[in-house]
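A.B. asks: Listed here are the chains, written in short residue letters.
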Amino acid sequence: MTMGLLFDATRCIGCGSCASACKEQNKLPGEVEERTTAYTWTTVKPVEGTYMRKLCMHCQVPTCASVCPVGALTKSAEGPVVYDAKKCMGCRYCMMACPFDVPKYQWDRPVPIIGKCILCAGRITKGESTACATACPVGATIFGKRDDLIRDAQDRIKQNPIGYVDHVYGLTEAGGTSVLMISSVPFEKLGLKNDLPSEPPALRTWQVLSNIPSFVAVWGVFLYGIHWITARRDEVAKAEAHTQSEDRR
Amino acid sequence: MTTTTLSARRPRFGFWTTVVGLLLVPFLIITFLRFTKGLGAVTNLNDSFPWGLWIGFDLLCGVGLAAGAFTLTAVVHLFNLKRFEPIVRPTVLTGFLGYGFVIVALMFDLGQPWRIWHTIIYWNTHSVMFEVGWCVMLYTTVLALEFAPVVLERFGFHAPVRLIHKFITPLVIAGVLLSTLHQSSLGSLYLIVPSKLHPLWYSQLLPLLFYISAIGAGIGMVILESYLSQRAFGRHLEMDLLEPLARGMVVALGIYGLMRLQIISRNGSFSAITSFSYEGKMFLVEFVLGVLLPVGLLAFRKLRTNPTWLVTGAFLAVLGFVVNRLNVSVTGMERAAGARYLPSLMEIIVSVTLVGVGMAVFALAVRYFSIFPEPKPAESDH
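Residue numbers (numbering that gives the first Met the number 0), protein chains in the order written: chain F, 0 to 248; chain U, 0 to 381.
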């Protein structure tokens, strides 16, 4: 059963408890910054008359995990997309590829690693809720099973259709995410992309990569065939030249 | 090797030697800063722009422009057009140095380059980067083996040379396969960002586009490099070989250009060009330099057989190729990132110095090994 978060922007009061709790839980240095960085994994900011959180969406089929050449990023069974800093060599393809621009880098360190929300994976395996959800004083961010959260979100929209945009963000975006959001303001105005395909981007590359073995076989035989024909042609030409010179003799 | 042939090949202290000499001091300082203060201290990279010049130029162009090596080895060893044999050695050497350049550049760009070997033990077969890493590793080995006879001969080791010659066909086939895979995969790297890369450059056909344009520009590079070594070492330009190669380049770039136009007309982004948007202008620069001019000029036999025009056409193709790769990796990504990226002076110095070192190594290799065919003592044997 995968777990997740539901963020209800209409309930958020912008107090920033979630961001501070995140810093403390993950022992991140410094104050909470304006934007998410390698040292600030979540922020909450006023936008368009409401408040918006920014954090890793924990995709169902994470693009970052699919592109990582060394498999440092993985989707765990409980839902969090976790990061093994010991494997990472710092190619930063995950930053490039993430449809939500989540992974951030330690640009100021000689031995840098990626920083991003890991959905308090350690706490979840112990059966606890995430630090941000626990810290939220008004229940704007709640923790639970993804399926339950989806039902909860849809109920809230159904009960108050005027108060919400009729869309649960994260239900289908980039193949669906473990973090879900609902709001009274259209999501594109809150800085979220509304044009993300429901097909996970990772499938696009897999369509190409999965064909490599058969491609290698066909192209290899083809190239050898070319060599075979051209070399044979040379041999024949040589043999003919030889017989012709024999005939002349 | 006698002193007479060495002195005959004595390279001048040319442009690149001077550039490398002058840049070496700042280069070392930047290297020190890079590994003590982090990437942020020397580059203009940041969280909105994680890939810059070192990926767009050093990696994408370094690998792409080395494509002449697999193209030419295929032409000579698989298509059996033996007359091109004399330019195989310099081309394979350029290829090998090109890949060396890429690997050294990655030592700067990777956050923790000392872990580059992690691709060998930690596998993720779903990652294009994983595939590129393996192919570059294996193909650099193939290039080293293809070039090894030159070095081994020089020191009189004939047995391993015979062994390599015996297996040259499978070796060349492996080289072509690996090149086909990773040249196209550099394009596949960008398949994952449909919502970020501008439609003038994004296409499901990116792998094929990268592959064909690399063949075109790779041939352009062979011509250009023949010209440069002709200038540096006082050799004659092998027009009888370069002219047919230029025909191959025109065909490759022609197919590539048509594909680009078809893709753009299909995804409806022509308006981005006609409205002269920022992306449109950059596309025009790339397309006019890298496709229209070289194809337009070298399609004419009269221009193709003229050394000056031939070299000009090849140079434009290479230049346009570089602009294309920078457009894919930088220009096309800027709108989605909501930021502009220009490389820092320090990033540029690192790239230029590495190119310069590559050229200097090439010049040294030409001096000490028999890379170019010896000019025949009397031109009577044909």
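What the hints contain is simulated information worked out from the structure, not anything from laboratory work. Beta carbons are placed, not taken as given, at the ideal position from N, Cα and C, and that holds for glycine. Incorrect hints may have been included.
Unchecked claim - Estimated spans, in silico, between C-beta atoms of each pair:
1) U/344 - F/107: 16 to 26 Å
2) F/213 - U/266: 52 to 62 Å
3) U/32 - F/215: 19 to 29 Å
4) F/213 - U/152: 55 to 65 Å
What the hints assert, rightly or not - Stretch-level coverage of chain U by chain F, calculated; a stretch enters the list once three of its residues show a Cβ under 8 Å from a Cβ in chain F:
5) 27-37
6) 77-85
7) 151-159
8) 167-178
9) 188-201
10) 277-289
Claimed, not checked - So, partial list: chain F residues that the calculated Cβ filter (under 7 Å) puts toward chain U:
11) 69
12) 70
13) 90
14) 91
15) 121
16) 202
17) 205
18) 207
19) 219
A.B. asks: All the hints need checking, so say for each whether the structure fits it.
C.D. replies: Here's how the hints hold up against the structure:
no., hint, verdict
1, U/344 - F/107: 16 to 26 Å, "19 Å, holds"
2, F/213 - U/266: 52 to 62 Å, "28 Å, violated"
3, U/32 - F/215: 19 to 29 Å, "42 Å, violated"
4, F/213 - U/152: 55 to 65 Å, "39 Å, violated"
5, 27-37, "holds (count 4)"
6, 77-85, "holds (count 3)"
7, 151-159, "violated (count 0)"
8, 167-178, "holds (count 4)"
9, 188-201, "holds (count 7)"
10, 277-289, "violated (count 0)"
11, 69, "4 Å, holds"
12, 70, "4 Å, holds"
13, 90, "6 Å, holds"
14, 91, "4 Å, holds"
15, 121, "22 Å, violated"
16, 202, "10 Å, violated"
17, 205, "6 Å, holds"
18, 207, "5 Å, holds"
19, 219, "6 Å, holds"
Consistency with the previously given hints fails for numbers 2, 3, 4, 7, 10, 15, 16, ordered from lowest to highest.
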